[in-house]
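Asks: Take a look at the letters that make up each chain.
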Amino acid sequence: MNKPLLALALAFGIASVASVQAQTPAASPAPAINDAQIAHIAYTAGEIDITAAKQALEKSSNKDVRAFAEEMARDHAAVNVQALALVKKLGVTPQDNPTSQSLSKHAAAEIKKLAALKGNAFDKAYVDNEVAYHQAVNGALSDTLIPSAQNAELKSLLETGLKLFQSHQMHAEHLAQNLK
Amino acid sequence: MLRTMILLAGLLALTGGIAPASAASTAKQPAAAQAHRVHRIVIDKMQYGPMPTDVRAGDIIEWTNKDILEHSATARDGHFDVDLKPGASGRVTATTGMLAFFCKFHPTMTATLVVK
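From first to last, the protein sequence lines stand for chains V and C.
Each residue of the first sequence is one higher than the one before, counting from 1 in this note's numbering.
Each residue of the second sequence is one higher than the one before, counting from 1 in this note's numbering.
This is chain V alone, in the form it adopts within the complex:
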């Protein structure tokens, strides 16, 4: 998925949630998305990157690309374990929403596109997508998800996640440079 497309998916999804929220009368100004939806989006974003990493580990023989994919699979799984533990502790059930659905839909299309590629072409497309994906998710985290989160522990986990994903983005950008 290219960056503009994903950014659009995220923006569209969040806007859709906002419009649904706007239709429901609220006593106080409610955030565009609630914590249950934020948790679902964050978890979904992590799962998408784990799936992409698994595909890369199946298809790539490039040592650096494989090391990066292993990092993605390991880190996103660890964050999602924390996220699940937190929602359980808070008694929150992650709530599906248009942003999560958009992310999943576009991720499935990206997996299909990458499945048709081999060798260097695959490596390059995978890493370029990882750069774009982390840019978009980090943008959504800092601009929308973190400011909207109401629960302090959820906010803190998202902030930790943002630091982590920024580091992933840097690693992906560095890798993309080396693959050129």
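It should be emphasised that the hints constitute simulated quantities derived from the structure, not laboratory data.
Ideal placement from N, C-alpha and C gives every residue a C-beta, glycine not left out.
Among the clues, some could well be false.
[As the list claims (entries may be wrong)] Derived contacts from chain C toward chain V, CB cut-off under 10 Å, selection only:
hint	residue
1	40
2	69
3	70
4	83
5	86
6	92
7	96
8	105
9	107
Using the hints provided, position chain C relative to the given structure of chain V.
Replies: Just chain C now, with coordinates in the frame of chain V:
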């Protein structure tokens, strides 16, 4: 006899009292310098915390991982490789020079420590 013993005890006390004091006054500086200290580096949110200063060869470097992910302190020169699961700590003994290390799981995490 009693007088001799008292005299002896007095002499011992006197010399004993003076000797350690004079020894301490000359040995205090080297003793303090030779004591090996423990320097702690805290890892959190994908970063190594501030590097300790005034680290000397023989001192202990201790990393504590407060992050939610597994990290490592891996020497660039292969001298050490400390795995740090979330919540875990690990130590190495410092050797003189520039001690460059990174996280083998997250290569963007790097740091350099100066050991005198």
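Asks: Please go over all the hints and tell whether each is borne out by the structure.
Replies: Verification of the hints:
1. 40: Result: violated, 21 Å to nearest chain V Cβ.
2. 69: Holds, about 5 Å.
3. 70: 7 Å, holds
4. 83: Status violated, d = 13 Å.
5. 86: 8 Å, holds
6. 92: 24 Å, violated
7. 96: 31 Å, violated
8. 105: 6 Å, holds
9. 107: 6 Å, holds
In summary, the structure is inconsistent with hints 1, 4, 6, 7 from the numbered list given earlier, while agreeing with the others.
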